[in-house]
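Number of protein chains: 2
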Amino acid sequence: MKNVSLATPIEEGDPAADPKAFRRSLGQFATGVTVIATRHEGRPVGVTANSFSSLSLDPPLVLWSIARTSRSFAAFSAASHFSVSILGEDQIDVSQKLSSSREDKFAEVDWYPGIGGSPVMAGAIATLECSTFAVHEGGDHIILVGRVLQHRRYPGKALLYAQGQYGVVDEHPAFRAQAAADPGTAPPGRTLRDLPLTTLLYLAHHNSSAAFERHRREENISLTQSRILSALTRRSPLSRQSIVRQVYMTPQTVDDALGELLQRGCLECDGDDRFSLSEAGQMLARSIRMRLQEYEREQFAGISAERLDTTRDVLARFIEGLAEQAATDDAA
Amino acid sequence: MKNVSLATPIEEGDPAADPKAFRRSLGQFATGVTVIATRHEGRPVGVTANSFSSLSLDPPLVLWSIARTSRSFAAFSAASHFSVSILGEDQIDVSQKLSSSREDKFAEVDWYPGIGGSPVMAGAIATLECSTFAVHEGGDHIILVGRVLQHRRYPGKALLYAQGQYGVVDEHPAFRAQAAADPGTAPPGRTLRDLPLTTLLYLAHHNSSAAFERHRREENISLTQSRILSALTRRSPLSRQSIVRQVYMTPQTVDDALGELLQRGCLECDGDDRFSLSEAGQMLARSIRMRLQEYEREQFAGISAERLDTTRDVLARFIEGLAEQAATDDAA
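Protein sequences appear in the order of chains A and B. Going by UniProt numbering, the residue at position 79 of the first sequence is 79; the numbering climbs one at a time, nothing skipped. Going by UniProt numbering, the residue at position 233 of the second sequence is 233; the numbering climbs one at a time, nothing skipped.
In case anyone wonders, no lab produced these hints; they're calculated from the structure. Mixed in with the good hints there might be a few duds.
Cross-link-like lysine-lysine pairs, in silico, DSSO-like; alpha carbons within 27 Å at most [as the list claims (entries may be wrong)]: (1) Lys157/B - Lys105/B; (2) Lys157/B - Lys20/A; (3) Lys97/A - Lys20/A; (4) Lys157/A - Lys20/B; (5) Lys97/B - Lys20/B; (6) Lys157/B - Lys97/B; (7) Lys157/A - Lys157/B; (8) Lys157/A - Lys105/A; (9) Lys97/A - Lys157/A.
Output of the computed footprint for chain A on chain B, the stretches with three or more beta carbons under 8 Å from beta carbons of chain A [what the hints assert, rightly or not]: (10) 45 to 55; (11) 58 to 66.
We put the CB at the ideal spot given by N, CA and C, even for glycine.
Modelling step: build the complete structure from the supplied sequences, incorporating the hints.
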């Protein structure tokens, strides 16, 4: 142990005293998103879950957990089989549909019956068909351990849940920075200007995201709150469910943020449980937007409008070219 | 269920028949990275783990699993307490150090003793101090359930493991595309060229990554293999451990890829277990690099050298400005 100087926590404490704060700490652990499904009394039953984890190779076991209060609890605790579908980055809609409480949710997604009749999601980047191997107590959840009988892997990247929001995986900057030093592409003594344009795009995007993130924290408003304000600026009133769909955050995160914004007097809620911005909320949304625009202007200060226009045009042509190419590749 | 047309899996089968293929399917589930640590016979003991999962809010429980063959198995299976440190995106070095088998690994990282003396990592984005609540059998692993006594949350984004490599979380493109349509920043009828430059950077980077990924798959070479070839082009010979550090992939993924490259005759291994490229390996590395360069040239074909230079220069100035700003913010 060295002499450690510690950062100040945003929140800390006894998890039993403030479950919401505890959930925010747990949300720092990023995860993929799965749909876990079974057949119960002849009908498909499924949930969106991020509590999945691999457990053992020999025998091949995986685990996940389900809340005792889940409406699918009875089905899964009695199930002889279940399937795990690991969702790809283009499957937010599947995640959102399966996490809804609608009775007919399987009618809206593509699936096929796997071993034991458990529905397996089409378009997943991996699927695991399991028999129930063990069930353990776990407080307000139970732990379900499955023995994997069949696995399939497909191309594609993972959909993520991280800090309450949907996300995608990107290469680590440390690898990018090192790969940029490859002598095959990089003469010694070169500057940033000698890097491949794709590497510059990567670095520009990542550094700019980090800067925006620092800036947003200074606004003393959470990412979820700012996304809700932005959604309600585009259109209002909106139901809770529409907001959840538009901000790409988990329902619990949205509920917490709606509560906070109501408390700050930024929202109004009509008789049909639909939300709109109060006058204070409109002012806050406008102020955030103006600050961000100002901030973006500052970042490019000192670069002539003409050169910025050229850059914008080159990037737009690049994006259009890539989009055409993707369409051609998909058709091939 | 609709009439489902299914993609062809890259791999599929009985997990018991081919554990490596099974592990690749499991690797499609992206996760954060944690260090889990305890005190055993007066000394700190810890491992890097991605099997962490939240379990219950009331009581506050989390779980993770450890291999029976782990050298830390005895310590954790007997431990009254353990800590979980969820690593931030700038903590690859902590992850790599704690996953090594070195005796003195705690001397090289910053930590402090938490409840029960369990080491807690400085710089983590969340920490959980636990007492052991339950232990369950889990094939070649055991499941450890901890009751969380104290949690702390810090600013920062999560380090990821996904498909065998370290990564970072990025915003989901679906959100970005929708947010770009915000009337506050976007007049109706506008084109790509009217978007904020930061949104163009995001779109250009993401579309270009996806295009490169499709291209690499056509080369019939895995990401790990191509990174190993690239590392050995920069410098050789390299030990297995140096390769693991340079390619930012998990040790198991690297071992699998080294085996595949040896089998393809691309690598030579000297008496000290250090790897270098064979003639075939050098040719393969050169061919991949040339194809990627050719590919990058094609993506920007039809745009004048002068305009590309301007773009490169604007991006470099933008990146330099952001780097200065980050340094100032850190100092403040």
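Broken hints, by number: none
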